[in-house]
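Model the full structure from these sequences, guided by the hints.
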Amino acid sequence: MIELQGVWKTFSVGPVRVHALSDVSFRISRGEFVILTGTSGAGKTTLLRVLYGAERPTEGEVEVLGRDVPSLGRSEVAALRRSLGVVFQDAKLLPARTVYDNIAFVLRALGTPRSQITARVFDALRKVGLSSRAQAYPAQLSQGEAQRAALARAIVRKPPILLADEPTGNLDEGMATEIHDVIKDIWTSGTTVILATHQAGLAAVLKRRTLVLERGRLIKDQG
Amino acid sequence: MIELQGVWKTFSVGPVRVHALSDVSFRISRGEFVILTGTSGAGKTTLLRVLYGAERPTEGEVEVLGRDVPSLGRSEVAALRRSLGVVFQDAKLLPARTVYDNIAFVLRALGTPRSQITARVFDALRKVGLSSRAQAYPAQLSQGEAQRAALARAIVRKPPILLADEPTGNLDEGMATEIHDVIKDIWTSGTTVILATHQAGLAAVLKRRTLVLERGRLIKDQG
Amino acid sequence: MVGFLVSEAFRDLRRAGRVALSAILLITLALAALGAFWIVTSNLGHAVARWRDRVRIVVYLRHEPDAAALASLMARVKAVPGVAGTTYVSRADALASLKRVLGKDASVVDQIGQNPLSASIELTPSADASTPEAAREMLARLGAMPEVEEVAGSADWVERLSEWQRLLGMIGLGVGGILGLAAILTVTTATTLVLHARRHETEIMRLVGAPEIAVRMPLLLQGMIQGLLGALLAVAVLTVAYRLAAPHLEPLMSLTLGLGEFSFLPPAGLAALIGAGTLLGALGGWLARAGR
Amino acid sequence: MVGFLVSEAFRDLRRAGRVALSAILLITLALAALGAFWIVTSNLGHAVARWRDRVRIVVYLRHEPDAAALASLMARVKAVPGVAGTTYVSRADALASLKRVLGKDASVVDQIGQNPLSASIELTPSADASTPEAAREMLARLGAMPEVEEVAGSADWVERLSEWQRLLGMIGLGVGGILGLAAILTVTTATTLVLHARRHETEIMRLVGAPEIAVRMPLLLQGMIQGLLGALLAVAVLTVAYRLAAPHLEPLMSLTLGLGEFSFLPPAGLAALIGAGTLLGALGGWLARAGR
Ligand SMILES: Nc1ncnc2c1ncn2[C@@H]1O[C@H](COP(=O)(O)OP(=O)(O)OP(=O)(O)O)[C@@H](O)[C@H]1O
Ligand SMILES: Nc1ncnc2c1ncn2[C@@H]1O[C@H](COP(=O)(O)OP(=O)(O)OP(=O)(O)O)[C@@H](O)[C@H]1O
Ligand SMILES: [Mg+2]
Ligand SMILES: [Mg+2]
Chain A
1 MIELQGVWKT FSVGPVRVHA LSDVSFRISR GEFVILTGTS GAGKTTLLRV
51 LYGAERPTEG EVEVLGRDVP SLGRSEVAAL RRSLGVVFQD AKLLPARTVY
101 DNIAFVLRAL GTPRSQITAR VFDALRKVGL SSRAQAYPAQ LSQGEAQRAA
151 LARAIVRKPP ILLADEPTGN LDEGMATEIH DVIKDIWTSG TTVILATHQA
201 GLAAVLKRRT LVLERGRLIK DQG
Chain B
1001 MIELQGVWKT FSVGPVRVHA LSDVSFRISR GEFVILTGTS GAGKTTLLRV
1051 LYGAERPTEG EVEVLGRDVP SLGRSEVAAL RRSLGVVFQD AKLLPARTVY
1101 DNIAFVLRAL GTPRSQITAR VFDALRKVGL SSRAQAYPAQ LSQGEAQRAA
1151 LARAIVRKPP ILLADEPTGN LDEGMATEIH DVIKDIWTSG TTVILATHQA
1201 GLAAVLKRRT LVLERGRLIK DQG
Chain C
2001 MVGFLVSEAF RDLRRAGRVA LSAILLITLA LAALGAFWIV TSNLGHAVAR
2051 WRDRVRIVVY LRHEPDAAAL ASLMARVKAV PGVAGTTYVS RADALASLKR
2101 VLGKDASVVD QIGQNPLSAS IELTPSADAS TPEAAREMLA RLGAMPEVEE
2151 VAGSADWVER LSEWQRLLGM IGLGVGGILG LAAILTVTTA TTLVLHARRH
2201 ETEIMRLVGA PEIAVRMPLL LQGMIQGLLG ALLAVAVLTV AYRLAAPHLE
2251 PLMSLTLGLG EFSFLPPAGL AALIGAGTLL GALGGWLARA GR
Chain D
3001 MVGFLVSEAF RDLRRAGRVA LSAILLITLA LAALGAFWIV TSNLGHAVAR
3051 WRDRVRIVVY LRHEPDAAAL ASLMARVKAV PGVAGTTYVS RADALASLKR
3101 VLGKDASVVD QIGQNPLSAS IELTPSADAS TPEAAREMLA RLGAMPEVEE
3151 VAGSADWVER LSEWQRLLGM IGLGVGGILG LAAILTVTTA TTLVLHARRH
3201 ETEIMRLVGA PEIAVRMPLL LQGMIQGLLG ALLAVAVLTV AYRLAAPHLE
3251 PLMSLTLGLG EFSFLPPAGL AALIGAGTLL GALGGWLARA GR
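Residue numbers (this note's numbering), protein chains in the order written: chain A, 1 to 223; chain B, 1001 to 1223; chain C, 2001 to 2292; chain D, 3001 to 3292.
It is possible that part of the hints are untrue.
As a list, the in silico BS3-like pairs of lysine-lysine whose alpha-carbon atoms are at most 27 angstroms apart [stated by the list, open to error]:
hint, chain 1, residue 1, chain 2, residue 2
1, B, K1207, B, K1220
2, B, K1184, B, K1158
3, B, K1158, B, K1207
4, B, K1158, B, K1092
5, C, K2099, D, K3099
6, A, K92, B, K1092
Because the hints were derived from the structure by calculation, they are not lab data.
Here it is, written out as structure tokens:
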């Protein structure tokens, strides 16, 4: 389902070269729940961006859902992303639309029948505990609320793969647990999940396969 | 030094009214270290915004450094902010400037002599462990790195008051501890600190006075 | 899907607010100026045509011909290439005309025993004869006829006319060039603005896998709507300006340019303006593509 | 601090890139068009003045005066308000002139026993007499002199002139209005753009307590720099265009308008253009203030 082979990603900032990913290889099968962890700057976000085609690896092979990601054209990348639910670390909500519209938008752009949209949007909002804020604009949300709205947008399509980047970074423990339960539910219903987090402890709590990055290297793959 | 009396802040989103702060009163003396905690959406960020004059309370009195904040004019607010170091929850780095320029900018706008600027900027960057990324632009930083850059900017002026909103939200435990140590150092050198965090456990670790917000109400003030 | 795209376009337009308004007004201005220039040029064109009618070449005849000879002569003169109109002036007509020229002193003529003037034919040249060469050729042919004593009138009227046309052409080129430049800048600026306002939005849309058409089509449609609105406004402005100004301009025109009627753009011209506006707007939207 | 503010302004300008370029070019365009119109208007103004010199009013005298009477008469005529130049035409002059008019048929004149023409004074009206009322007044005064038999030439030349001036005025108003509108829109658009690009930046600057001057001054300076660059470009464009076009235009001008020389803007005019550009740019920067 997901396979990386010797993936490197190197950024140049002026004279400095940053190896955000160094020779990363792994494989994830359908239906797995994988936790991706590592300190700040270890390369978690970069790895996810490579998976959804926002970053082209400097070297190596990336396959997602049977597609060779780095070689995809623009419209094929868009098609791939429509099969993925992504929770961005910085939420990335459209600032000029309400929470409801942000979520309905992805359904509408896909041509989902109008009659189903409202029900599906509110279903997703209810799961993340945000139905009362449906009419608020992103600037009117607290950071934790924005993160939950981003999760609702990612799961509203019931995608085969969910990539969640730090979805509880701004949430207290109680709410984090709730969100993790939501993600587990989605996983139980058949979605493959990759959850990136800096909370090393989470791996122990969730008891799932864990990939650990350190300065771009995959130093541990266990569970 | 800081005093709130019966502060309310109510937002209207369409027909819905959100009480982000409800009747909050407290007082913080010079040299205190206060932890502000509460779940997502409890009102932590709103409370800090009221303190640095970005939000006018719907009702109540706010005094910071002897100034009646809600009544200040634009240039007085600017002057107040120059006495405060603020770490914003979403970093708020100027996207078109490097990390170095982001930090040097506040010194330059204040008329700090050129000769001192470089040394002070690198001093602050070293404290947060980011000197190697000085020439990177904000878009080239990981979230955790951006947060550390924001902290460096807040402390470069050695302000009498430091307001830090979730400065370790995107950091793993090891790095969070380092950052807390940096903040403690600053506090030790005489700066009054308010640290907002959703990590309820942090209060126990740091053993400092803790204010707990719940749906805009101050439900606990202890330590 | 179409409904979705159109509603997205209108939503963008509303959001762009003051800027969209600026873009529309700039397009209006460019098109209105273009249209106004078009109107003035075509009216000056009419005036030039009228002036050409007024240019007279006089062919003096050796003798006053009788009716039959006159008819044959006139037929031959008309057959010369470049001759448009002809008027026969008999010796009596010429004398009457001289009296008119003398005005107060007309009585002088009566002191002359007999009419000393020649009969002549006054010619109007056609557009064919508006190059200096064609005009010289025509004059030579007329001068070669046996009945003709002398041809008065040289090629200089042709030079004058062609100089005027060159002047108009240069003004047209200059004005056209400036307006073209302004229109391109307008479109570029408006597009850059819209793109800038949408930059994050576009990025986020792409990241959530929105199809390209949903990302770009609204931009194109928005551009076209702006262009169309701008063009319609320009047509309205021109119409109102024409209605208000024409009654005042007409006497002036007839006084200075000898033009009785100040005409408006034909319907096809209006349609062309509207089409140009829509295209301009669409181009702006389309540039969005090149811009990234 | 000043160094800091100026460097911030240049930094903004560089960042705005294509948009700043657009704004500069639009200002260039507006000012170049304004300047070009100014040049054309002032040259047409010269042409009108020349035409006025050519308008002749003829005062026919009852008798040919002797030298002394003539001197006294000429002095009185020159004293009439509205009279600029005077030329005395004796009866012999008039006859010579008639021969020229008759051209081929001049021999007719020799058949007349004695010279039947009157002596006259040809007048050139001054600018004072360019209103219809002043002209009528002048004609009445001349007609009332005892030596004068008749005054030929009516007020219609004045009407023609004033109609021309009205036409020029209207064109000037129209062109000026359109350019003004375009310039305002340009400035608004450019400002909105810059503001939009700086929106987050401005917010962040305020949040970190940057003094107002550091927030706004660069915007104002940036606007002024844009305006100045645009104006300098416009002056360059006008100068080059003038150098290139004047040699071609001059013969044309003299042919159609009777104007020998096609003049450029005076230094003060250039300075005014540059000042206007800088002001326009500053206005754009200043609007930033009203915008928030
Ligand atoms: N576009 C870029 N240009 C240059 N460097 C980059 C870019 N994106 C990421 N980096 C660098 O690559 C490294 C990995 O970044 P990444 O965002 O993947 O870290 P992360 O593990 O997600 O960190 P965090 O937990 O702080 O979000 C960092 O040092 C970062 O500065
Ligand atoms: N500008 C605004 N308009 C409307 N509602 C707002 C606005 N700002 C904040 N709110 C609401 O006020 C409440 C408190 O927000 P605040 O950002 O202070 O929470 P917080 O404690 O900082 O949460 P988090 O830990 O998630 O950052 C939230 O419900 C939020 O949606
Ligand atoms: Mg990350
Ligand atoms: Mg907050």
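Structure-based check of all given hints:
In summary, the hint linking B/K1207 to B/K1220 is supported, as the alpha carbons are separated by about 15 angstroms, within the 27 angstroms threshold. Note on B/K1184 and B/K1158: the hinted pairing holds, with a Cα-Cα distance of about 13 angstroms set against a maximum of 27 angstroms. For the suggested pair B/K1158 and B/K1207, the alpha carbons sit about 24 angstroms apart, so the restraint of at most 27 angstroms is met. At most 27 angstroms may separate the alpha-carbon atoms for a hinted pair to count; B/K1158 and B/K1092 meet this at roughly 19 angstroms.
Using a Cα cut-off of 27 angstroms, the hinted pair C/K2099 and D/K3099 holds, with the two alpha carbons roughly 14 angstroms apart. Distance check on the hinted pair: A/K92 and B/K1092 sit about 15 angstroms apart at the alpha-carbon level, within 27 angstroms; holds.
Violated hints for the displayed structure: none, as all numbered hints are satisfied.
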